[in-house]
Every structure is written in structure tokens, then in C-alpha cells.
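**Q** These protein sequence lines are chains A and B, in that order. If you read the first sequence in the numbering used here, its first letter stands for residue 1, the second for the next number, and so on. If you read the second sequence in the numbering used here, its first letter stands for residue 1001, the second for the next number, and so on.
Honestly, the hints are just simulated from the structure, not real lab data. Don't take every hint at face value.
Said to hold, decoys possible - Below, simulated DSS-like cross-link-like pairs (lysine-lysine); rule was C-alpha separation at most 27 angstroms, straight line:
#, chain 1, residue 1, chain 2, residue 2
1, A, 18, A, 86
2, B, 1062, B, 1089
3, B, 1180, B, 1658
4, A, 18, B, 1062
5, A, 59, A, 86
6, B, 1060, A, 59
7, A, 59, A, 18
8, A, 59, B, 1062
9, B, 1524, B, 1560
10, A, 18, B, 1036
11, B, 1671, B, 1658
12, B, 1554, B, 1658
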Amino acid sequence: MTPRTDLLQGTLDVLILKTLRAAPMHGWGISQRIQQLSEDVLQVNQGSLYPALYRLEAKGWIRSEWGASENNRRARFYELTRGGRKQLAEEQEGWERFAQAVSRVLAAG
Amino acid sequence: MTFRVRTVFRALLRRPAVESQLEEEMRFHIDMETRKFVERGLLPEEARREALLAFGGIEKHKEASRDATGAPVIETLLQDVRYGVRGLKRNPVFAAAAVATLALGIGANAAIFSVVHGVFLQALPYGGGDGLVRLRQDAPGINVTDAPFSPVEIADYAARNRTLAGLAEYHSMWFVLLGKPEPERVQTGVVAANYFDVLGVKPLLGRTFRAGEDAAGAEPLLLLSYDYWMRSWGGDPGVVGRALRMNDRIHTVIGVLPPMPAYPDDNDVYMPVSACPFRGRPEASHDRSLRMVQVFARVRPGVSLAAARADLGRIGQGLAAQYPGSYPAKGNEFAVTAISLREELTRAARPTFLVLFGIVGLVLLLACANVANLTLARLLRRRRELALRSALGAGRLRIARQLVTESTLVALAGGALGLLFAAGGLRLLVAFAARFTPRAREIAIDGPVLLFALVVSLVTGIAFGLIPAVSARRSLTLALQEGGDRSTSGIARHRMRSALIVLQVAISFTLLIGAGLMIRSLWKLQSVDPGFRGGRVLTTRLDLNFTRYTDAAKRWAFEKQLLERLAEEPGVVTAAISGSFPLNETGPNSGRFEIEGRPAASDDLRPQAEFQRVSFDYFSTIGVPLLSGRVFTGADSPETPRVAVISRSLARRFWETKDPVGARISFDRGKSWIAIVGVAGDVRQYGLAAAPPDEIYVALPQFPTLSGSLLVRATGSPLALARLVRETVRSVDPDQPVDRFQTLDQARSNSLASPRLTATLLSLFAALALAVTSAGIAGVMAFTVGERTHEFGIRMALGAEPGSVLTLVLRQAMTLVAAGLALGFVGAHLLARLMSGLLFEINATDPPTFLAMSVVLVVVALTASFFPARRATSVDPMIALRSA
């Protein structure tokens, strides 16, 4: 009973996992980080970030904890679990294989 | 998986916490975003607006987040249920109508399923299981069906078979049991010692028979059946070990059996074969031709029925070749086969309950269509509410789910109520089923029936909930766009409602035809001339104790004295004794005879007839007409030449137009001859649907019977004579049991009980279907008229006569009815074909029934749509136009 995962959602998932690999972070931080890392190419729909976070948590790939933010407000911090790390590795590998395949096809043109 | 379940539970339990966390988390996000914009130089309000815009619909994201955790499935379900219950409470008329309709549909299905499960599906109530069979031998060429076996043959089959795990012989007789205040006539199963082991029956108390207890010279033993033990001994466990007198011997009770099907006979007690005065005679164990018993067997595990049949056939052929003198001549040999006990116990019930199961299925479909229609009507009234919910962010799926939840709630309530109906009618149903199968006592509202009702309720709820849900999805957007009440969005749903009405009409017609055919068939049966006049005739069993009435002279002496004493009593017109009486469960005996001057090619090819021993007043007592010659008189005594009266059909068959009076027949291959002295009218012995058998009546004084019936024609109420009859019998012999009093009319009525009950059930279903359908038509027409008020207003303003508006509406209703009738014709033909086995002298396509039922439906539909139609004509054009 895995929910249907389209490319966009799957991509967002992998980006979140990747972002959290470096350090635990709250939702807003994640959205800023993704935007920053992708040099503003990827605009994360900020609202749809939260369903993705809750979904990843339900799958057990990340876990959350309430902590204090940089401006000393209560914020919910997410961190990668061991399962999440494994999942990230798999997805990263899959993504790279996919990207290589696409560029090979395009190069052959 | 456990992890996920835990998350779901945590999410469910901490629902408010999750909610506030989400809230806080998102607020934090927006605050941060606002701050970012402020840092970039926007004014605080602008920054906030930008942040909110970037975030999108907060509630939508909240719901999506909640969905993502998995909990919402259950949570929204609970919410839907709460919401649904509230909605139904607000609309009690709809709720009551829907629940009642479904209770009818589901209850009927649960009730019939309880029979299907109890009788056809569940394992046989014997430990021996599905491998149990009964052996039978037939010789169709010489008109021998299901001949009994001789004990000698059974020994051969037991020794020679390779496929059976055990064989046991069985037959049933009645004996007189003494030792209680009243002498009791007990039906006795006479069985081999291994009979209960073969069947796999364990005793309730004591033990069953052990090997060797059926050997010659063994002490007589008795096992009591459960029903007899309860009825006659009040369930007293102390009966085990008691000594009872029967057939001038002492029998020891060794145990009590558990409740079992009354099969092959409704036995009160069982005894080993050695205890039976007839079966216990030495010749019964030696004479191969003395065929008097039945055989039950268990097929070895892993062996197919076909293999067992082949094995038995082979043995049968071997025996016929080895002992030609004991078997029918070549060409007409016995074909030996085995029938599964399951088949035996259920065969008679199958056609009726197949039809009933089909019918209740239709009733449920009708109930669903009706409730779907009610739901659609309610939906139209709710469309603004649904549009509002949709605008507030409820997805289409969410709304569909809400509708299905509501319908499932209704269906579950209907199912629960339906089960109450089914439980309430269970006793009647068991009594009904008992007319077709000895397994009726196993019918119960048990686990499988509850499960069936639950599944049917769920499927029903989802099915009739989906119809409106689908059409709601289609039209919601339209409803939103137009907003008003008078939108065209109703059209899709209206088409759906029309289709549902067509379906309801079709089903009603099908059920009406079913009921109509059954009623016509019953009428035909009731108008059948049974060949006798049953009014004011009392009947009772009269079985003489053979240990006392050892020979013909003693029997006749008793019978003569009894008849003479009865004839003197006031209130008695005439009294007679006969072997059996018409439409009784036990018919006359069949046998072969020979006509003088017309020798048969072989013994097996002699003509057959039913034999009846009757005292001389028999014909006048039950009113069988004499067609030629004379009936028996007091002058026909044991000392005078033996005489016979034959039935009209027998006379026709062998003497055609000539008068058979004076001809002679023989029952003992010409050793003695009996003169035919008269021809009597035909009598339907075996049921009103069965043709009257060829019969030979012989005079009781010349052939006194041991087992028979006493018939008394009364001047007044026949049942009032019961005490007098009992006392008179006792005055002749105080040890003579008399039981089973009933009038001849009761016997006749009883023989029609199962078709009558079937017809009643079908009529009930058809009437309910008709009522539900007419309510449905009225509802839809009322709605249509409401929708078209504006249009009618314009028409009338332009000069349309009220009559033409009336016609317009009625024509619309009749279009639906016509479509339903057309569809119903197909259904009715299918049902009629399924029912053909239940019908008596009625063609499944009986035109009067089809015509009459069409008229009934059209009239009911016209009446149902007349009132809404008349409302259309009373529309005031001005009001209709202004309100537009």
C-alpha cells in the first residue's frame, strides 16, 4: 500500500532527504536550503513541503523533535533516520542512473 | 507494518496535539518567510501577504499533511459516520423509509440464506461426512425403482467391494411399546450393529450398538431418538438402563441419540436386526429374494463416488450372473448404484429454495434501487450543502466517501433490523423447509448467516451509495456554477432516477409473475377432483400389535367388532378400516397381478397395481363413486369367494371400453383367482398433482390388515369424535394404541401446504415490491412535476387545457412503466423457467397471468402518478411565472 508517487513528489522527497543529510533542520529551513542549493532553479511549493515531511515521517525515514530556532522560537526540527539514510542512498543511485541514461540518449541525438 | 499501525494510532490518539503542532509549525514557517521579505525591504503587511501567497491554502496543506500520516482514513471515517448519523437524524422520514426497505431486502436474503446454509452448504450432521451414500437398485425395464436389498445381498456387497469403508443395513417398522400408562406405537429403525458407526453418530447418553449385538439370539436392545426421548420421556436421563416390553420381549434401553434429521424415517427408537421379529427370522438371513432392507455405506476416503458406483455395478452384475434365479431376467437386470446422502437429504428442497433465493435477490435489488432513488431525491435537496462543502475544500472523493458512508450506515441499520425480521420468521421458515427436507432442524441464524448479512449490508450500502455519489460528482460543479435551485444539474440525476424506476417496475413485474403463476398453479391444484368427498371424515392410524393378532382370523375379529361398535354410536354415519387413505403420507402398497386368460411372458412383466384392503363401507365413508357392478358388502366374508373392486383407470387400461366385472385376477401366479365385482372412481392417492394410480381394492374380511387406518364419517364435526373413537378402540382392546387423528380434509389441505406456503411467500414479496415501486413512481413524478411547475405555468398561460397537462405527466410515467414492463418480461420469463418444476398444469408463459399482472402494474402505476399529475394541472400560471 505505498501511495502513488509521481516524479515531482518523488523528487521533492529525495531533495528533502538530501537536505537533511547535512544536519537536522526545520521546514522553512529546508525550503530555503533547497532553493539555495539549486540556485533558485527549483522553487519548492512551500505548502506542499509539509505533507511531504509528514509522509516521510510516517514512512520512518525522518523523525522530528521540537527545538529552538535560530531566532529562539519553538520550531520543529527534522532529522534523517537510519532508514532514511539508506533510502537516500538508493534514491540517489537511482536518480543518477536515470539522469545518465537521459543524457546518453540526448547526447546520441 | 507495525510501525505504521503505531503511527496511525498515535496520530489518532493525539489528534488535537497533531492539529496544534501543524498549526504552530506552519505559523512559524510563515513568520520566517515574512521576516525574510521584511529584510528585503517590504512593509510588514506586504511581507505577510507575500508569505501567505507563497505558502498557499493553509487548510488544504493541513489536510494533506494529516492525510500523509495515515490516520485520517479512520479519522475521516469517524467524522463521516458522525456526520452521517446527524444527517439521518435530521431526516427521519428518509432514514426510516430507507432502513425499512433495506431491512426487508436484507432480512429476506438472510432468512433464505439461513436455509441455504443450514440445508445445502454445511456439512452433514453425521460424523461420516460427505462420503456417506445410500445404495439403490433399479430395473427400469420392468418398472422397478429403488428396490430394497436382502440381507444376503448386503453380506455379498460387504465382502466383495473395494471402495466402501463400511456398509450397514436399515429398515423401519412400527411396534407397540408397553410399560407406560398408555400403549405407544413406536416407529422403530431396525439396524445392523455398525449402523451408527458407519454414519458417524455418537450417542448423547449411554452407548450405541456394539459388534455382535445384532447376532441371532442376542438380547434385545433399544436406542431412543432425541425427539422421542424428549416427547415421551421428558428428557429423563434415567431412562438408560430401563427395561421396556415390546413384541412380548424385554428390551433394555442402552442410550439416547443426539438430534438427527428424521431420515430415512422419523424413528422413535432403534433396535438391532436380531431384535426385530420379522428380520430376526432365520429365512430373512438366507433368502436372497427376501428384499426388505436399505443399505447405507461410507465411501473410503480418497475414493470418488463414480469409482464406488462402478465397483457396486460390477458386484451387482456378478451376483445376477451367479444367482440367476434371484434376479430379473437378462436385459432387465438391476442396476446398482450409490447416491450421496447429501443429495438424498436435499434433493426435494432444491428447486423451491433455488427459486426463493433468486426471488429474494430480486427483492434486494429492488430495495437498493428504491433507496438509491430516495437518496438521489435527498441529494437534490442537499445540493447546496454539498456545493458549499465542496467550495470549502472537500474533494470530490471526500464527498463521494461521505455519501457512501451514509448509505453504508443505512444499510447496516437495515441489515440489523432485517436480521431481527429473519430471526422472528425463523420458526415459520423451519416449518416450511421441513416439508422439503429432513435437514430443516439445522437451520439457524448462526455465524455464517450473520457474516452473510453483514457482507450483503456492506455491499448493498456501497452499491446504492455509489450511484448517487457518481451522479453527484458529475453535477456538483454545475450546481456550483449555477448556484440556484432551478439548475439543469438535475438532469443527469433525473435520468438516473428514471432508470431506477424502470428497474423497479421490471423487478416488480417479475415478482408479480412469479406469484401469479404460483397462485394459478395452486388454484388448479385446489380444483383438482381428488376422487373422494373428504368432508366430515375423521381418520386415525390403527396399527395392530402383531404379537397379539397373530393370524388373519384374530385381526378380522378385532376389526369387525370395532366397526360394529362404532356404527352403533350416535354421531357416526359410517366407519371403515383401510390399509391407507388418500393423500396420506403412507400410500398403498404396489404389487403385480395376473389377468385370467392373459398370461405374462415372465413374472417380471406382470402388470402392476396398488393394493388396498378396505372394509365394505370404505367407498361410502370417503365418498368414492361406484361406476359399475357392486362394492363390498357384509356378505363378503372370509368364507365366501374372494372378490375385488378395481379403479376406473385400471379398468380402462386392461379392458378398455368393456366392463371388467366378472373377469378374474390372481396375485399368486394363478394358484387362486379373485373375481372383479365392481369398478370404482379414480382416487388421487399420492397428492393432487400426481395422476391417480391403478388400484385394486380387496375386501378387508378376506385380507385383514395389521397396519392401517380407521375412517369415520361423522354427522357433525369429525374431530369431536376423536375421544369416542379412542374409547371404542380401548373397549375392544385396552392395549391398542390409537394416534394421529386428522380429518380427511386436513390431510388434503396438508398435501397442498408447501405450494400454498410458496405461493404465500411469493405473493408477499410481490405485494411489497409493488408497494415500494408505486411509492417510488409517485416520488419521482412528484419531483418532476415540481421541477416543471414553471413550464406547466407557461403552457397553461398559453392556453393548454388541464387535461392535456395531466396527459403529459401521465404519459411520462407510462413511458417509464412501459420500459419497465418490457425489461420485466425478460426477467419474468427467466424466473418462470426456473419455476417450471414447481408449477402444476400451468405453462411458464401462461398468457392470462402475464396479461393480468401487466394490467395490475399499469393500474397501480397510473394511480401512483395520478396525484402528482393532478397537482400539475392545479398550477396557477401567474404564481408559477412570477416565482420563476
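**Q** Under the criterion that the straight-line Cα-Cα distance not exceed 27 angstroms, is the pair residue 59 of chain A, residue 18 of chain A satisfied?
**A** holds (16 angstroms)
**Q** Are residue 1671 of chain B and residue 1658 of chain B close enough, with their CA atoms no more than 27 angstroms apart?
**A** OK: residue 1671 of chain B and residue 1658 of chain B at ~26 angstroms, within 27 angstroms.
**Q** Within 27 angstroms, alpha carbon to alpha carbon, are residue 59 of chain A and residue 86 of chain A?
**A** holds (13 angstroms)
**Q** Would you mind confirming whether the straight-line C-alpha gap from residue 1554 of chain B to residue 1658 of chain B stays at or under 27 angstroms?
**A** violated (39 angstroms)
**Q** Is residue 1180 of chain B within 27 angstroms of residue 1658 of chain B, Cα to Cα?
**A** violated (56 angstroms)
**Q** Hey, residue 1062 of chain B versus residue 1089 of chain B, does the alpha-carbon distance stay inside 27 angstroms?
**A** It is violated: about 30 angstroms lies between the C-alpha atoms, which goes past 27 angstroms.
**Q** Against the 27 angstroms threshold, does the CA-CA distance of residue 18 of chain A and residue 86 of chain A hold or violate the hint?
**A** Holds: residue 18 of chain A and residue 86 of chain A sit about 11 angstroms apart, inside 27 angstroms.
**Q** Are the Cα atoms of residue 18 of chain A and residue 1062 of chain B separated by 27 angstroms or less?
**A** Given pair residue 18 of chain A, residue 1062 of chain B holds - Cα atoms ~24 angstroms apart, limit 27 angstroms.
**Q** For the pair we were handed, residue 59 of chain A and residue 1062 of chain B, check the Cα-Cα distance against 27 angstroms.
**A** Satisfied, since the Cα-Cα distance of roughly 18 angstroms is no more than 27 angstroms.
**Q** Holds or violated: residue 1060 of chain B with residue 59 of chain A, Cα cutoff 27 angstroms?
**A** With Cα atoms ~21 angstroms apart, residue 1060 of chain B and residue 59 of chain A stay inside 27 angstroms; holds.
**Q** Would you mind confirming whether the straight-line C-alpha gap from residue 18 of chain A to residue 1036 of chain B stays at or under 27 angstroms?
**A** This hinted pair holds, its Cα atoms lying about 24 angstroms apart.
**Q** With a cut-off of 27 angstroms on the C-alpha distance, tell me whether residue 1524 of chain B and residue 1560 of chain B pass.
**A** Violated, at roughly 40 angstroms.
The structure fails to meet hints 2, 3, 9 and 12 from the earlier list, while all remaining hints are met.
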